[in-house]
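Fit chain B to the supplied structure of chain A, relying on the hints for placement.
Sequence lines, in order, name chains A and B.
Going by our numbering, the final residue of the first sequence carries number 827, and the count climbs one at a time with no gaps.
Going by our numbering, the final residue of the second sequence carries number 146, and the count climbs one at a time with no gaps.
Honestly, the hints are just simulated from the structure, not real lab data.
Errors might be hidden in some of the hints.
[To be verified] Here are the computed distance ranges between Cβ atoms for each label pair:
1. A:K686 <-> B:N27: 38 to 46 Å
2. B:A120 <-> A:R618: 19 to 27 Å
3. A:L683 <-> B:M56: 49 to 57 Å
4. A:V806 <-> B:R65: 35 to 43 Å
5. A:R618 <-> B:L121: 16 to 24 Å
6. B:A89 <-> A:L683: 49 to 57 Å
Beta carbons are placed, not taken as given, at the ideal position from N, Cα and C, and that holds for glycine.
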Amino acid sequence: MNELWFVIIIFTCSLAGGLLGALGGLGGGVVIVPVLTIFFHVDIHYAIGASLVSVIATSSGAAAAYVREGFSNIRVGMFLEVATTTGALLGAWLTTVAPTQVIAVIFGAVLLYSAYGALKTQHEVITEHPDPLAMKLKLKGTFPAGDGEEKSYVAQRVPAGFGIMWLAGLLSGLLGLGAGAVKVIAMDQAMKLPFKVSTTTSNFMIGVTAAASAGLYLRAGYLAPGLVMPVMLGVLTGSLIGSRLLVRAHVGTLKVVFALLVIAMGVEMIVKGVTGI
Amino acid sequence: MSWNDKRLETWVGTMLRTGVLLAAAVVLAGGVMYVVRSGGERADYTHFTAEPAPYATLHGAATGIATLEPRSIIMFGLLLLIATPVLRVALCVMGFALERDRLYVGVSSLVLAILLYSVFFHR
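Chain A extracted, bound-state conformation (with noise of 0.2 Å):
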């Protein structure tokens, strides 16, 4: 395999995942690392390298549209974001001591969780109780509720949803993902915040966060133009055409068959990671 088709399947592997990461509600590095480490067997230090600006570019390249929908709260992402990007330092750190097979393992056990959270049925409890510390840091807001009037909202348990957030920008760094399904958790479980409200805010977050992380990652040596190259063009082309056939589309069945995939390859990387690579 030459140099041009090695990219030609790398831009095309990249783009089906950005696809359907966007339409599976997952995001389009989950399937990347995967794919490259089980399939192209390609270092694990290069995949999560390519996966972690991909997420940037997927983020930002989203974000537009997000704001247009006027569900995103820049306060609330805002003051998160200290937790996910410090999280994030301490787990880009971490790649770089942490043995190959234990991240492989770490990997596999949040591609399980990922695929689990995007099955289950999201119950939403909404409520404008006025918790004092949400109150103090402003985390409140408003949301278009569909009959065309406004809801308002309060963020509950603000130090938990902190720490989990913590959490996901340590997973971020460490396994080059945007961690949206741990974001997920610690916004509309623990903050008890609107479920779009949370997904949208998520979505801004993610390219902050990795960020935090691309600066160690540049200077490790984990960013291989030649496989970024593709990867990055390809998720990003992916998830712009998943998003605008999300409006359209009937996404139930194909949620299923993106989780079934995720989880699949969750246990590849488990296997893979205990029996070495």
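Then chain B, alone, in the frame of chain A:
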């Protein structure tokens, strides 16, 4: 329209999209040159070599641009991409300052400081 959160978010969204499209265009241009000049031999990614190649540093990418080295051009595109969220946070510092929200000028400045530390010093 007065300065408010909605306007700040719209600005930020547009800035992010512009940044990512610009970065993608640079990466694509570098990528085309890279494939054309590669001569068919494929790079090996199966083993990680901890020694960073010269183009993987800020200085290396900058000097490589001058000589139109394809991998340096790709790297330059990636640097633009990484700079986009950092610039977004800087924009928020300004936006919150215009809203006279001292608390969030502080919070976003802290995030900006963490990012700048990461880009320039963290190892």
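Tested hints:
1. A:K686 <-> B:N27: 38 to 46 Å: At roughly 21 Å between Cβ atoms, N27 (chain B) and K686 (chain A) fall outside 38 to 46 Å, so the hint is violated.
2. B:A120 <-> A:R618: 19 to 27 Å: holds, 25 Å
3. A:L683 <-> B:M56: 49 to 57 Å: Given about 53 Å between the Cβ atoms, the range holds.
4. A:V806 <-> B:R65: 35 to 43 Å: holds, 37 Å
5. A:R618 <-> B:L121: 16 to 24 Å: For R618 (chain A) and L121 (chain B) the Cβ distance comes to about 22 Å; the hint holds.
6. B:A89 <-> A:L683: 49 to 57 Å: holds, 52 Å
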